[in-house]
Every structure is written in C-alpha cells, then in structure tokens.
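Colleague: Model the full structure from these sequences, guided by the hints.
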Amino acid sequence: MFTPPPSPLPMQDASSYISPHAPIPSSSSSRSSLSPSPMSSPTKARDPFTLAQPPKQRTRADTLANASTVRAKKRSIGRKTVVSVLLVPVVLAFITLSTRYICHPAAMDVFSGDFADPPLAWTGVHLHEPHGRRQNTASAVVTLTQTAAVGSSVIFPSSTSSALASESATSTATTTGIPTIPETAPALPTPFPQPFDTAMASSSNMTTSCAAFMANMTGTLPFRQCRAFSFLSQVSNEFLQAQTNISQLNVDVWGTCNTAISEDQCSGNMAWFADQLKTDCADDLNSRNAEVVQSLASLQTYDLLRQAGCLADSTTGAYCYVEAAASSNPIDLYLYSLPFGLGLPASATPSCSTCAKSLMALYTSEAPSVDGLKQTYNDAAKQQNARCGSTFAVVASSLPSSSDTSGADYLRISPGALIAATFFLSAAFGWL
Numbered sequence: 008m009f010t011p012p013p014s015p016l017p018m019q020d021a022s023s024y025i026s027p028h029a030p031i032p033s034s035s036s037s038r039s040s041l042s043p044s045p046m047s048s049p050t051k052a053r054d055p056f057t058l059a060q061p062p063k064q065r066t067r068a069d070t071l072a073n074a075s076t077v078r079a080k081k082r083s084i085g086r087k088t089v090v091s092v093l094l095v096p097v098v099l100a101f102i103t104l105s106t107r108y109i110c111h112p113a114a115m116d117v118f119s120g121d122f123a124d125p126p127l128a129w130t131g132v133h134l135h136e137p138h139g140r141r142q143n144t145a146s147a148v149v150t151l152t153q154t155a156a157v158g159s160s161v162i163f164p165s166s167t168s169s170a171l172a173s174e175s176a177t178s179t180a181t182t183t184g185i186p187t188i189p190e191t192a193p194a195l196p197t198p199f200p201q202p203f204d205t206a207m208a209s210s211s212n213m214t215t216s217c218a219a220f221m222a223n224m225t226g227t228l229p230f231r232q233c234r235a236f237s238f239l240s241q242v243s244n245e246f247l248q249a250q251t252n253i254s255q256l257n258v259d260v261w262g263t264c265n266t267a268i269s270e271d272q273c274s275g276n277m278a279w280f281a282d283q284l285k286t287d288c289a290d291d292l293n294s295r296n297a298e299v300v301q302s303l304a305s306l307q308t309y310d311l312l313r314q315a316g317c318l319a320d321s322t323t324g325a326y327c328y329v330e331a332a333a334s335s336n337p338i339d340l341y342l343y344s345l346p347f348g349l350g351l352p353a354s355a356t357p358s359c360s361t362c363a364k365s366l367m368a369l370y371t372s373e374a375p376s377v378d379g380l381k382q383t384y385n386d387a388a389k390q391q392n393a394r395c396g397s398t399f400a401v402v403a404s405s406l407p408s409s410s411d412t413s414g415a416d417y418l419r420i421s422p423g424a425l426i427a428a429t430f431f432l433s434a435a436f437g438w439l
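So the sequence shown is numbered by our numbering: it starts at 8 and just counts up by one.
Keep in mind that a hint or two might mislead.
Stated by the list, open to error - Label pairs and their in silico Cβ distance ranges:
hint : residue 1 : residue 2 : range
1    : Ser254    : Asp282    : 34 to 40 Å
2    : Asp290    : Ser365    : 38 to 44 Å
3    : Lys364    : Ser274    : 54 to 60 Å
Said to hold, decoys possible - Taking lysine-lysine and the BS3-like style, the derived pairs with C-alpha atoms no more than 30 Å apart in a straight line are:
hint : residue 1 : residue 2
4    : Lys364    : Lys389
5    : Lys364    : Lys381
6    : Lys285    : Lys381
Simulated from the structure, these hints should not be mistaken for lab results.
Note that CB positions come from ideal geometry on N, CA and C, so glycine has one too.
Modeller: In structure tokens, the structure reads:
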C-alpha cells in the first residue's frame, strides 16, 4: 500500500497563521532574519486608499469680506484715475506756461494791460519817442576820441528809458510840408551825428578787450564815414532828436544814404567789425551786455537798415522814414525796430501806407536770415493784414509767431520740470 510522503510544511493552527496582508512583526528575531541589505533604507509606505482632505468650505463672512476688499480697490483705482485726469493737464499747463515765460517773457503780454518791456534791458536804445528841439550842434555833440586805451575819454551813451512810446503820443510835425529827397547834396552837419553820443550805462561792466574795441570802432573813420542808419536810428541821441526838426532829419537821412565811401565798402567794414566784436566781446555777449548786443545787431543789419532808411515814397518823393517821423501818429517808426527783435505793440494800429507796404516787402526776403526779424516779422505782418487786408504783407510760414503754440521754444519743457512733475504726481497717487 502506497504511503504519501509527509507534508513539507507542518500544519499550523489558526492562532499561528499569519495573513499575507498582516504587518511584519517587529520582534528582534524577525528583524534579524528579515532585515534588508545594508544598502537599502526603509521608507514609509503610503496607503493608496488614503483620501485627500476635502476643501474647506467658504463661509458667507469670507465672501462678504472679499467683496468689500475688491470694491475698496476699485474705488482707489477710480480716485487715482480721476485725480490723474485732473492733475496731469494742470501740471503740464503750469510747466509749459512757466517755461514759456522764462524763455519768452513777451509771450505773456496778453495777460497784462500794457505792452511788456523787451527781454533785454535795452538801456541807451531809443525807440522813437518824441524829443525836444535840438540844441546848438556845437554844444550837443561830443566827438569821440580814437584810442585803444581803456582809460580814454570816449563818451558812451547814458541810460535812457527803454519803454515803448504810447500809441497815442503825437509828434509836433504834421504830414503837410514834408520835404522831398534833396536833388543836390545838402550841407551836412559837422560832425555828423554818431551813435553812443551820451554816456553808456553799461560801459563799466564791459571787459577790458571789449571796451577797447568799442572805443576803436566808434572812433575810426571806416566806421564813422559809413553813417550807419542801423546805429543812428537806435542809439544816437542827436539823430533821434532831429525827428522834431523834419528838415534837419531829411538832411541826416540823406547823409546815411550818400556816404563818402561806397556802400559795398561800408558793408565790408561792418562785416569785419562784427567778426571782431564777437572775438573781443565774447564774454560781454554771453553776459548779455545791452550795448554790446545792440552793437552786434546793428553791425549785422547794416545793409538791411540802409535800404530801409533810404526807401522813398513813390507818390510824394520823400523818404519813408521822414514821413513816418512827421506823421501825427508815428506808429510806423516801430517798423524800423523789427530787425532788432522789438515788435509792434499789441494794440498798435499801423498805417496802410505805400511806405509800410514797401518796408514789409523788404523784410520778407531778409526775415529768415536776420535773428531779430525771425522773432517779430510774422506778428507784425499779421497786424498789418488785420488792418490793411490779407494781402498787404506776406506771412512767412517758416517763421514763428507768438500765437504759434506749436513752436519748440514756446513748448520747450526742461528735464528738471518733468522730474518735478513726476515726483508731484507720484506723491499724489501715494497719498491716495
């Protein structure tokens, strides 16, 4: 009879049965027999059946608090937007106006009742105000000594008012009895009127080299023989006093148009003096010395002002300048100061005369190359056209005018102003 072999595994009772899913006992014997190799390390097993914690339920209080925070942020953004819309234009307008005033003070004349003074202190520069009758020439004129010494006895012009004459001012001369241009050479005054015939207000502020140059220039024959209308009409007391003596003024103007040396030679002389002045008076020009700046402008406009002073009225045969001085309302005399950057008063009513039209036509071609005309011509042309018709004077589109707010000079804002505006707006937004 076949007997089966014994079972390889002894039967175990229920108490000693170990479930395959039961944890391994932690006894010392088990650890010694079932411990892993030294290279392995035990890791905590993650129960695959463990579920993630459910999300925390939001309460009604949390929802209301979040909504309140959102509304507060929206209100803050809204306030900042409103403030920015209101403040940015105001700040930029203030910066623009302040910068415009600093660069161009005359541009703010619209806010004042009277025409403002020019940017420079044009002391010693006459602007055709009525003068009393001229005294004896021998006692009124002081000749200039030709010397280069600083301590020379050169007499420079005195400080006089630079305020523009009132439009209502009238001259003692009338438009009747105006002398015509002499057909033969008249007897010229000896000496002929010269610029700077009174004490110069700023001569003490000149540098040594500039004072010497001015003394040499005004005393030398190459300058005096040219009888520069550009100087005489601005800084010669005797020449301006002749406005109340029309016959004498007529002779003086004739003398500026008929010089002992040729016009071309005079033009060359003035160009040389202008170049030399820029060298010897460089510091004085940088400091805006009024007489030095005026002298340079007069030298540079010699040719233009000689033509302007010698313009004749084709209907009367008289000098236009003499007619303007003899008029009961000599507002046209302002036109002769346009090349020096001195514009017409805003309330001026210039005439529509043939002479005014001819003078503006002369300025039209020269305006782009003359610094003073660049600043004043267009405004004067617009005033003329407003009174005399749109075709009376040509308005140059390439030149600026005080009403042109697109010009770079008028809207030029400095970097410092922009930085200040940025800090101001940042502080305002931070406060909000």
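Colleague: Next, verify each hint and record whether it holds.
Modeller: Structure-based check of all given hints:
no.	hint	result
1	Ser254 / Asp282: 34 to 40 Å	38 Å, holds
2	Asp290 / Ser365: 38 to 44 Å	40 Å, holds
3	Lys364 / Ser274: 54 to 60 Å	26 Å, violated
4	Lys364 / Lys389	13 Å, holds
5	Lys364 / Lys381	18 Å, holds
6	Lys285 / Lys381	21 Å, holds
In the structure shown, a violation is registered for the earlier hint numbered 3 alone.
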